[in-house]
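All chains, full assembly: derive it from the sequences and hints.
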Amino acid sequence: MHIMYFTERPYRDVPEDEVILNRSFFGVPNRFYDAQVGARLYNEYLDEDVYAEEVGFDGIMLNEHHGNPFCMGAVMNVEAAILARITKKVRIVLLGNPLPVVKNPVRLAEELAEIDLISKGRLVPGWVRGAGSEQIFNQANPAYNREYFNEAHDLVMACWTKPGPFRWEGKHFNFRYVNPWVMPYQKPRPPIWIPGVISAETVVWCAKHRYPYIGLGTALQSTVELWNLYGQTAADEGYMAGTENFGYLQQIHVAETEAEAQEQGKCAMFGGGAANFSRPEHTLPPGYNSREATRRLAKQATDYGFLGITSEKLKESQSSDVPHIGIPKPGGDTRDRLRKGQISIAEAKEKIYRNYQKAQDGLQIIIGTPKTVIPKLKLIMEVLRPGVFGLFQAQGPLTTQQRLTSIRLMGQEVLPAMREIAKGLGIVDPFEREPGSRPYTAGTQYDSLVDLEALKRAPKRDESVRV
Amino acid sequence: MAEWAEEITHVAGTDLAMIKGGTGKPLLVLHEELGHPGWMSWHEALAKERTLLIPIQPGYGKSPRVEQIRNVHELGMFYSWVMREMNVGQIDVVGFSLGGWVAAEMATANSKQFRKMVLVAPSGIKAPEGEILDIFAVTIGTQINATVFDIAATPEFRKMYGGERTPEQFEAFEDARTESARIAWDPILHNPTLPYFLEGVRGLPTQIVWGREDATVPVSVGEAYRSALKNTEAKLTIFDHCGHRPEIEKSAEFIKLVREFLV
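Residue numbers (my numbering), protein chains in the order written: chain A, 1 to 467; chain B, 1 to 263.
Think of the hints as simulated: they come from the structure by calculation, not from any bench.
Beta carbons: idealized from backbone N, C-alpha and C, even for Gly.
Careful: at least some of the hints might be erroneous.
[Said to hold, decoys possible] Facing chain B, a subset of chain A residues (Cβ under 10 Å, in silico):
(1) I136
(2) A140
(3) P142
(4) A143
(5) Y144
(6) P280
(7) H282
(8) P286
(9) G287
(10) N289
Right, dumping it as structure tokens:
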């Protein structure tokens, strides 16, 4: 099993009241940004990654968001380039570069090739469509999101695998002379993994390309369905999917005692957590989702991940401010009522933190000592059997020491236990077995990708809880 | 009430839904970015003496998207092609919001295709003062509410958007917003070269109509249109206590103004 360390690299000094007043992390005015704090945090996060390597993690996962104190990784490739030099053996896993907002995929191919070369072949690039807010921030037309994604992907691949010079004349990108003089260290190209939230289109696309799919904290029940969709698509494509084709990311915080862990772990609720990543109008700009996806989202009440799309949120995007002339809307959610001044910030906070225990009950976040977190991780591993597992350091204003302690305890106790469990479950990772390397014979039984019996033991998520 | 009907014809290489109603000389009506709002009182009034031709923009309602149309200028070229194929000859045009921008683009390509032009609060020119509302970064509810100055004083607004919204209506709005984002996302709801080309418009009497309190497209854009249309007869009329929809907010005044202008 390949175990990665991940943090969003939050700007931890953002005033929580401002996040709540703004009703999301995205769009908090940047007058609250302090360069001294930023400088300290970027360096701390790089140090954390080095420490994670020391304590035994196999990979460091990075991600990218823009204009958002939730994640400082605005230019992830810069951090990756530094890690390429200051780490020794961990894989540098980028989940992922937001292709639709990249204006020059040829330059992206060059940047990633440089990172792969400096790290001597430790890069694992990945691609994402980018959250809705990334389209807003980067002026990337959401109505062309899928088209940009597909064409940028094909162009990067061509840069890495097609002998140059050649001309690229596509629908969205035109390059007269593609002949990069920097090519990846790994041949024929670096392995590619794709993270996702709940998009079935993305899962099918991954399966067709034989790219491992990494579920970002999605509810187990719906993740199981996605895994099976991947497996079926793989079979249709003529190969057998297995544990090497899947990964999962779990938010977690570990401390020495249960009391400490429970107190510190409340940080994950800070500012409303990932549910307050961005407001509905920024989460779902026009055309960002296919019509099918929008319909599905409306139905999937329990499904949400780090981008915070809940059925409640979707409903809000549909109905907020609808002119009910002369007829006041009954109720409304916290966000809505806060905006209208019907409740105070203190009340909004109280409502957010009230869900802390429910968030743990539903495994949105795992908090505890090594002894108490391991059984929960084991359950996820049993259900999903992922070859790649990302441990996501809890969000919010944890102290540096609390974060380092969590990493140390993971390395000392959690990782060895997870490796044992993985061995017992027969889980292999994408480096042990090439994803898509096992042919599938039509009509035969293929590997069970998930454990439906274990799923019965899994708690059901409370859809009203938004972390 | 005037008879109107929607029919789908094959024109300009695609199926195109078109609403036709009324009697008399044809009048081309180019709808706004949220689509055809339904048959309103101003339709009814104008239809008494004109046959309204209201093409449903490709990507809206029953008109399939035309992938080759990738900006508003190309949408104008498309409609010019449609008008040529329909053999309507020189025609009068009324365009609303993004539809007004389309009419202006058509006029820059060939001002002779129109006899008279009415532009109702068109986007298309970068606002010299204020900003065009970024309709793509607000909720549909915010967008709709921003279009009128006084909701309570605008009964036809209730007819258009009041009451509970069904999933089907939501999808229709999302389709509309997606299609308008596709062609007008960047630059934000304007064409930087439009003012220059508008100077080339000659011999096309133009009535520009605006609401003083327009919170969607600032009234400064109206002044910019009038300045750019300096080589033709162009008049800007601004209604007080009025937002982005003079046709329903100042319905009587609007109908009178347009009827007299189109004589």
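Checked hints:
Annotation: I136 of chain A was flagged as interfacial toward chain B, and the flag holds, the nearest CB pair being 5 Å apart, inside 10 Å. Look at A140 of chain A: its Cβ gets to within about 9 Å of chain B, closer than 10 Å, so that hint holds up. At a threshold of 10 Å, the smallest CB-CB gap from P142 of chain A to chain B is about 6 Å, leaving the interface hint in force. At about 4 Å, the closest approach between the beta carbon of A143 of chain A and any beta carbon in chain B falls short of 10 Å, and the interface hint on this residue holds.
Against a cut-off of 10 Å between C-beta atoms, the interface hint on Y144 of chain A holds, since the closest Cβ of chain B lies about 7 Å away. At a threshold of 10 Å, the smallest CB-CB gap from P280 of chain A to chain B is about 6 Å, leaving the interface hint in force. For H282 of chain A, the shortest C-beta to C-beta distance to chain B is roughly 7 Å, which falls under 10 Å, so the interface hint holds. Restraint check, P286 of chain A versus chain B: the minimum CB separation of about 4 Å is within 10 Å; hint holds.
Given the 10 Å rule on beta carbons, the hint for G287 of chain A holds: about 4 Å separates it from the nearest Cβ of chain B. Taken as an interface hint, N289 of chain A checks out: its beta carbon lies about 9 Å from the nearest beta carbon of chain B, inside 10 Å.
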